[in-house]
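Produce the complete structure using the sequences and hints provided.
The residues making up each chain are set out below.
2 protein chains.
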Amino acid sequence: MIKASIITIGDELLIGQVIDTNSAWIAQQLNSIGIPVLRRVAVGDQWDEIWSALDDESKKADLIFITGGLGPTADDITKPLLCKYFNGNLILNQEALENVTHLFEKIFKRPITERNIKQAEVPDTCKVIINKKGTASGMQFEKNGTLYFSLPGVPFEMMGMIEEDILPLLTSTYKLPNITHKTLVTYGIGESMLADLLQSFEENLPIHIKMAYLPNHGLVRLRLTATGENKSLVEKEVNTQFDFLQELVKDFLVTNEDEAMENVIGKMLLSRNQTVATAESCTGGYIAHLISGVPGASAYYEGSMITYSYAAKEKSLQVKKSTLEAQGAVSEEVVIEMAKGLLNQLNTTYAIAVSGIMGPGGGMPEKPVGTVWIAITNERKTTAQKFHFRFNRQKNIQLTAMNALNMLRCFINEQD
Amino acid sequence: MIKASIITIGDELLIGQVIDTNSAWIAQQLNSIGIPVLRRVAVGDQWDEIWSALDDESKKADLIFITGGLGPTADDITKPLLCKYFNGNLILNQEALENVTHLFEKIFKRPITERNIKQAEVPDTCKVIINKKGTASGMQFEKNGTLYFSLPGVPFEMMGMIEEDILPLLTSTYKLPNITHKTLVTYGIGESMLADLLQSFEENLPIHIKMAYLPNHGLVRLRLTATGENKSLVEKEVNTQFDFLQELVKDFLVTNEDEAMENVIGKMLLSRNQTVATAESCTGGYIAHLISGVPGASAYYEGSMITYSYAAKEKSLQVKKSTLEAQGAVSEEVVIEMAKGLLNQLNTTYAIAVSGIMGPGGGMPEKPVGTVWIAITNERKTTAQKFHFRFNRQKNIQLTAMNALNMLRCFINEQD
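Quick note, the sequences are listed as chains A and B, same order. Note that the numbering used here gives residue 187 to position 67 of the first sequence, counting from 1, and the numbers run on in steps of one. Note that the numbering used here gives residue 200 to position 80 of the second sequence, counting from 1, and the numbers run on in steps of one.
Among the hints, a few may not be true.
Since copy identity is lost for identical chains, a pair holds within one copy or between any two.
To be verified - Below, computed lysine-lysine pairings styled on DSS-like, alpha-carbon distance capped at 25 Å: (1) Lys180 / Lys204; (2) Lys226 / Lys506; (3) Lys204 / Lys515; (4) Lys180 / Lys295; (5) Lys356 / Lys370.
For the record, the hints were derived by calculation from the structure and aren't laboratory data.
Pasting the structure below:
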């Protein structure tokens, strides 16, 4: 089986100033065509470290993806190192130069600098991978049967080169096995309880099918992974097990695809030709951000009133001043008035309202940090629920958003 | 110099289903106390891979941080492996058991399961690190002078154990060198141009001070890193260079701290006792999410109207129907009416409004995907600007938000 390693280069990764999202994306792409990733390694901008990472990984993997170290201000380490590692000489590549010139003249519309022209220099032992979205060329090397791809660290540029050049190359070069992943998402049951529920199912899985638990923000994703030579057989087997699994967790099932809660809700609203709007206080636009992040959301998402202050709640949502003063902003009464005011204002099918104290400040004895009220309403029915989260500001915001979306999901289901 | 490696364990990292944020956080913490991270390695839930990662990393590093593989549904690999690797026997640890029991009885208020009790079992060759926020114990091992810390992969739990137990242990055990990072943020100049501007500065830096470029969403962060024995001397030297650097980039300087644009704006508004509100169409709450993500934002952030539809723009922001019909939602006229309507509605010092087409759908010949209008207004002045972004939906949203915040920053500065 062909196996890959990913090496990311950059001091910023080792001082924690940047979170590596490239590796996860590359791993997804490779898995989708049947190439498992064995290891991911991050090293700094240091000659010896990069060199020994290349040595180490080439002992374990058939394909090595290297990202980073190629920008116009890179410390002149990665490219000379690759040149030496693969016994080449640095030459100006005409095709790469034309690409850089084209980008500056036609797209960026800025004067080209010496530094940018230098980016068209590559070792003469590589095959150039043209970067249509930026100035750092990709490079492909071969040594002792191992293929190496060196790509820039800018996600947008790296992604284009992998999608357009490298994946087609790999699928046409190798006979790849079939790896099938099937994922479902549950809500409302903890990881341990779920594991107890699924213990005998898991024990009875065929040896080439594995199950994994991926908990996140109150959701638990369950993933079955099957590997085999015969594509249709592998898929049939994993589908059979997946059907069993769905049946076992049906009381907690959100979706039988690997998709986010906001995508599930988007599909539900689209298929019913319904709309939603949100009124957010403590989550400050995070629910709106999730809902509107789905392409095509404008078909069912009307908008949001983010009302941080009393004044904004009164003016934008017609919450009564007397309710705010008597109950405080974080209360069942206020969150219901917010939801109803919003529904009235925007005439959507559903309205969500949330109000809470996310921390670190703002807690009170009777309403400690983490207290949240969420309401959902439509023309006929209103439901409100109190939550208490025990985490930091960021995680409290995420959990509030996830619970609000889940309440909407259940509310929509009850209407059917 | 004491050096660390980070090993993260989990198949989810190698199929790209999860982005590893733990490593970046751990790296930050270690760097802050003068321990550089040499490498970060991710491996799957496979006995041989974990074993060889432990072998490999212990040849290079003095401290090894291992995260993941310890949850209640973990595949029974990591803990038995550590037990064998460090020549121990699995025993029930009384202190860990009391912690797990306490968590279930007092905090989670759920019945404890066998699976959770098993989590209190640890190798008798480790020192237990109590996990106050979850059921998976941390473990500390020593072998041939190398220290190993095995921690759960749940960020919230892992962070608590590092902050409360491990960092104090490390600072009291080792005499650590001084690593000082100073970071500033620029806006409005590309990486290549910046590098040309700073070429002689960079060439003349003392050998123990390094500069790095970290471009992201139109911002470029510049980081100076100095290492040395004498803390006050190192700090003095880096401060001198940092002052030079600030002077060189002063026309593009956003902040001379390592902080996000929204934090810069928060401080500006707080110190001036001013407020802001946002009206978002295409960014769908992302600007609100950024502004309100700063602790204490309620002191200066009034709220946002997220108006996806024409109707929402008319009702919530008093945008004239005639303007919408004549100019379309993505136009200078509409974005100005949105900003003015919002200012009028919420009586803030400033109002921001954005409207654009983020893609993938919705483009028109005269207004292609990526067309964005941004307006800023206060009582006396209004400014509007057109942008054209060339990226995917997510990146277009991020760039729009960053430009809107930067426009507000410049607008506030002009008022002083």
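Practice task
Classify it for me, Lys180 with Lys204: is the Cα-Cα distance of at most 25 Å met within a copy, between copies, both or neither?
Solution key: Both: 21 Å inside a copy, 24 Å across copies.
Practice task
Could you place Lys204 and Lys515 in one of the four classes (within, between, both, neither) given a Cα distance threshold of 25 Å?
Solution key: neither (47 Å within a copy, 36 Å between copies)
Exercise for the section: At 25 Å max between alpha carbons, let me know whether Lys226 reaches Lys506 within a copy, between copies, both or neither. Expected result: between (56 Å within a copy, 19 Å between copies)
Handout entry: Alpha-carbon proximity between Lys180 and Lys295, which holds within one copy, between copies, both or neither at 25 Å
Key = within (19 Å within a copy, 37 Å between copies)
Handout entry: Alpha-carbon proximity between Lys356 and Lys370, which holds within one copy, between copies, both or neither at 25 Å
Key = within (21 Å within a copy, 63 Å between copies)
The structure fails to meet hint 3 from the earlier list, while all remaining hints are met.
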